[in-house]
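S.K.: Given the coordinates of chain B, assemble chain G onto it according to the supplied hints.
First to last, the protein sequences are chains B and G. Under the numbering used here, think of the first position of the first sequence as 1, with each following residue one higher. Under the numbering used here, think of the first position of the second sequence as 1001, with each following residue one higher.
A portion of the hints provided could be inaccurate.
As a list, the in silico DSSO-like pairs of lysine-lysine whose alpha-carbon atoms are at most 30 Å apart [stated by the list, open to error]: (1) G:1023 with B:3; (2) G:1443 with B:91; (3) G:1023 with B:88; (4) B:92 with G:1023; (5) B:91 with G:1023; (6) G:1332 with B:91; (7) B:55 with G:1231; (8) G:1326 with B:91; (9) G:1332 with G:1231; (10) G:1326 with B:88; (11) G:1451 with B:92; (12) B:88 with G:1443; (13) B:88 with G:1332; (14) G:1231 with B:3; (15) G:1393 with B:92; (16) G:1393 with G:1434.
Chain B is faced by these chain G residues, among others (derived, beta-carbon under 10 Å) [unchecked claim]: (17) 1035; (18) 1091; (19) 1092; (20) 1119; (21) 1217; (22) 1224; (23) 1226; (24) 1231; (25) 1250; (26) 1353; (27) 1355.
Calculated directly from the structure, the hints in this document are not laboratory data. Just so we're clear, the structure is a prediction, and the values are computed from it rather than from any experiment. All C-beta atoms, glycine included, are put in the ideal place defined by N, C-alpha and C.
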Amino acid sequence: MNKYEIAIWIFMLAAFLGFELIRRVSPLLHTPLMSLTNAISAIAVVGAILITGEKEATPLTRTLGFIAVVASVTNVVSGYLITDRMLKMFKKREREPGK
Amino acid sequence: MTIDNIFPALYILAAAGFILAIKWMNSPATARRGVLVGELGMLLAVVGTLLRHEVVNYEWILIAFFIGSAIGVPIAYIMPMTAVPQRTAFSHACGALASALIGTAEYYRTLPHGFVMTALIVETLLGFLTFTASLMAFGKLQEILPTRPMTYRGQNFVNLGIFGAAIVLGVILIFHPEQMALYPIFAALALIFGVLLIIPIGGADMPTVIALLNSYAGLSASAMGFALDNKLLIVAGALDGSSGFILSVIMCRAMNRSFSNVLFGAFGAIQTSAKKAVARPVRSASPEEAAEILDAARTVIVIPGYGMAVAQAQHKLRELHDVLMKRGVDVKFAIHPVAGRMPGHMNVLLAEADVPYDRLFEMDDINPEFPRADVALVIGANDVVNPAARNDKTSPIAGMPILNACEARTVMVIKRSMSPGFAGIDNELYYLDKTLMLFGDAKAFVGSIVKELNVTAGAAVH
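The shape of chain B in the complex, shown without the other chains (with noise of 0.2 Å):
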C-alpha cells in the first residue's frame, strides 16, 4: 500500500469515527461542541511551524507561515479557552428554594 492509500484510509475511518461520535453529542452542548472541534482542527499550526522554522524558508514561504502560525494559535487558544468558560456554566443543580 503506498502512503496515499493509507492517507485516504486513515481519513475514511477518522470521517466515519467522528459521525459516530458526534452523533452522540447531546444538541444541549453543540455550541461547546464546534467551538472545540474548531480548535481542535487549528491543528494546522504543525503545518504552519515546519513552514515558518524550516531552514530553507524564503522570505514568502516564512512570511506566509508566520501569518498562518498566529492564526491557528489564536484560534487554538481562543478556541479551548472559551469552550471552557462555555462548559463551567453548565450545572446541574436544582436551586433551593427560599434560600
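M.R.: Frame of chain B, contents of chain G only:
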C-alpha cells in the same frame, strides 16, 4: 533513539486525545475533562513538531505564538456569551486562513505534482473561500453588515460561474503546477466566491452556514494532512469536517430545508413585500395580568429565541424561573434546534444565566407536554412556533418542525411590536383567542413580571 522516533508517538497520542475530547463531549458531566484532554493533545502535537529536526528557526515561531496568544486570550475572556456565534465565525476564519496560507507556501516551496498538488488545491480552495465566507458571517452576526439577505438578478449564475472558474483553474494547476501565474488568480476567485456565498444568507440561516463553514475548515485541514503527509492533520481535520457536516444536516432538518435551498434560496427576501399583513385584532396584556396568570399556572413552558439574546433577557428570565419555581410552578425551557444564531446557542445563554441544564428540553421531548401546559411563554422566538409551518402548505416555512406552543392552554408572546419575524412571515399564533401579546422590551417586561410576582408574594406573607 532520537527525537525523530518520538514525534510520531506524540502525534498518535495527540490524535487519541482529540478523539477522547469529542467522545467526552457527549455529557456535560465529562465535557470539561474532554477539553483538558484536547488541550493536552494539542500541546503534545505542538511540542512534537517543535522538536522535529526540520524546524531550526524558532524566533519567528515564538513571536507568532506570542501574538496569537495575545489575540486569543482576550477574545476568550472578554467576549460576552451572546457573541459566541461571532467568535466562532472569526475562529473559523483564522483556521481557514492558516490552512490556505500553508497550502500556498507549500505550493511555492515545492511546486508539487499529482496527488500532493490535488490535495493542495482542495486545501487552498476550501481554505480561501472559508476564510472570506467566515469573515462575512462574522460581519453579519456582529451586524457590521446588513443581516437581511441581499439578492440580485442572476446571483446564483454569477456565484456558480466564479466557483466554476476557480475549479477549472485548480484543475489546470493540478496538471501544470508550473503555470505559476494562474495560482494568484485561482486564490482570488476562491476568496471572492467566499464573499458572494454569504451575501444572500440571512441571519436565520446562520446556524446552518456556521456549521457548514466549520466543516469546510476541517476538510481543508484534512487536505493539508494529505499534502504534507501528516496523519494527525488528516484525523483532526476529518473529525472537524464530520462534526460540522452533521451539525449542518441537523440544522437543515430542523428547518425542513435542503443545503442548496439554504445556500441559494435567499430565505425571506421575497416574502416580506408579497404578503401585506392586514391589521387584525390581538389581545394584549400588562405585566400585572401576565404575572397573575403565571402565578396561577402549574406548568409553564418558556420558548426562548434569538430575540431573547438581543434583549439580553436571559438573566431576568432566570429570575422569573426562580420565583415561579419557589411558588410551586413547574418551569421548563423548550429549545428549538435552530433557535439563535448557531447550534445550541440558547443553551449556552441560559446556562450562563444559571438556569440548571436539566430544565432545558429538546423539541421532541417537550412537544408532547404542551397540551398539559398552562402557559407557553414565547420570548423572542417567532418562526419556530408558527403554526403555518404545519397548516399552510404555501408558507415558506411549510414542513419545518415547530414547538407546539399553540397547544398550551394560554400562550403569551413577548414582542416589541407586531412586525413579522426574520423570515417576514405573519404568525397565526398571535391572533388566537388564547394568545396574549405582551408588548415591550423582553428584558424590561420579564423584569416587571418578576417584580409583580415578588410584590404579591410579599403581600401574601403579611
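S.K.: If a hint holds in the structure, say so; if it does not, say that too.
M.R.: Evaluated hints:
With a C-alpha separation of about 28 Å, the suggested pair residue 1023 (chain G) and residue 3 (chain B) falls inside the 30 Å cut-off, and the hint holds. Of the pairs offered as hints, the one joining residue 1443 (chain G) and residue 91 (chain B) holds, with about 23 Å between alpha carbons and a cut-off of 30 Å not exceeded. Between residue 1023 (chain G) and residue 88 (chain B), the direct Cα distance comes to roughly 18 Å. Compliance with the 30 Å bound is thereby established for this hinted pair. With a C-alpha separation of about 20 Å, the suggested pairing of residue 92 (chain B) with residue 1023 (chain G) holds against the 30 Å cut-off.
With a C-alpha separation of about 20 Å, the suggested pair residue 91 (chain B) and residue 1023 (chain G) falls inside the 30 Å cut-off, and the hint holds. Between residue 1332 (chain G) and residue 91 (chain B) the CA atoms are separated by roughly 15 Å; this keeps the pair inside 30 Å, and the hint holds. Our distance criterion of 30 Å between C-alpha atoms is met by residue 55 (chain B) and residue 1231 (chain G), whose separation comes to about 23 Å. In summary, the hint linking residue 1326 (chain G) to residue 91 (chain B) is supported, as the alpha carbons are separated by about 19 Å, within the 30 Å threshold.
Annotation: proposed proximity of residue 1332 (chain G) to residue 1231 (chain G) is violated, straight-line Cα distance about 45 Å (limit 30 Å). A hinted pair counts as satisfied when its Cα atoms are at most 30 Å apart, and residue 1326 (chain G) with residue 88 (chain B) qualifies at roughly 25 Å. With a CA separation close to 26 Å, the supplied pair residue 1451 (chain G) and residue 92 (chain B) stays within the 30 Å bound. For the hint pairing residue 88 (chain B) with residue 1443 (chain G), the CA-to-CA distance comes to about 24 Å; that is within 30 Å, so the pair holds.
The hinted pair formed by residue 88 (chain B) and residue 1332 (chain G) meets the criterion: a straight-line CA distance of about 21 Å does not exceed 30 Å. Proximity of residue 1231 (chain G) to residue 3 (chain B) is assessed by CA-CA distance (about 10 Å); at most 30 Å being required, the pair is judged to hold. Of the supplied pair hints, the one linking residue 1393 (chain G) and residue 92 (chain B) is violated, its CA atoms being roughly 41 Å apart against a limit of 30 Å. Of the pairs offered as hints, the one joining residue 1393 (chain G) and residue 1434 (chain G) holds, with about 24 Å between alpha carbons and a cut-off of 30 Å not exceeded.
A distance limit of 10 Å between C-beta atoms decides the matter here; for residue 1035 (chain G) the minimum to chain B is near 5 Å, and the interface restraint holds. Checking residue 1091 (chain G) against chain B by beta carbon gives a least distance of about 5 Å; that is within 10 Å, so the hint holds. Checking residue 1092 (chain G) against chain B by beta carbon gives a least distance of about 6 Å; that is within 10 Å, so the hint holds. Because the closest C-beta pair between residue 1119 (chain G) and chain B is about 9 Å apart, less than 10 Å, the hint holds.
Annotation: residue 1217 (chain G) was flagged as interfacial toward chain B, and the flag holds, the nearest CB pair being 6 Å apart, inside 10 Å. Because the closest C-beta pair between residue 1224 (chain G) and chain B is about 5 Å apart, less than 10 Å, the hint holds. For residue 1226 (chain G), the interface hint holds, since its Cβ comes within 10 Å of a Cβ in chain B; the closest pair sits about 5 Å apart. Hint on residue 1231 (chain G) holds. Least Cβ distance to chain B is approximately 5 Å, under the 10 Å limit.
About 8 Å separates the beta-carbon of residue 1250 (chain G) from the nearest beta-carbon of chain B, less than 10 Å, and the hint is met. Of the supplied interface hints, the one on residue 1353 (chain G) holds, with its beta-carbon coming within about 9 Å of a beta-carbon of chain B, less than 10 Å. The beta carbon of residue 1355 (chain G) is positioned within 10 Å of a beta carbon in chain B (closest approach about 9 Å), and the interface hint is therefore held.
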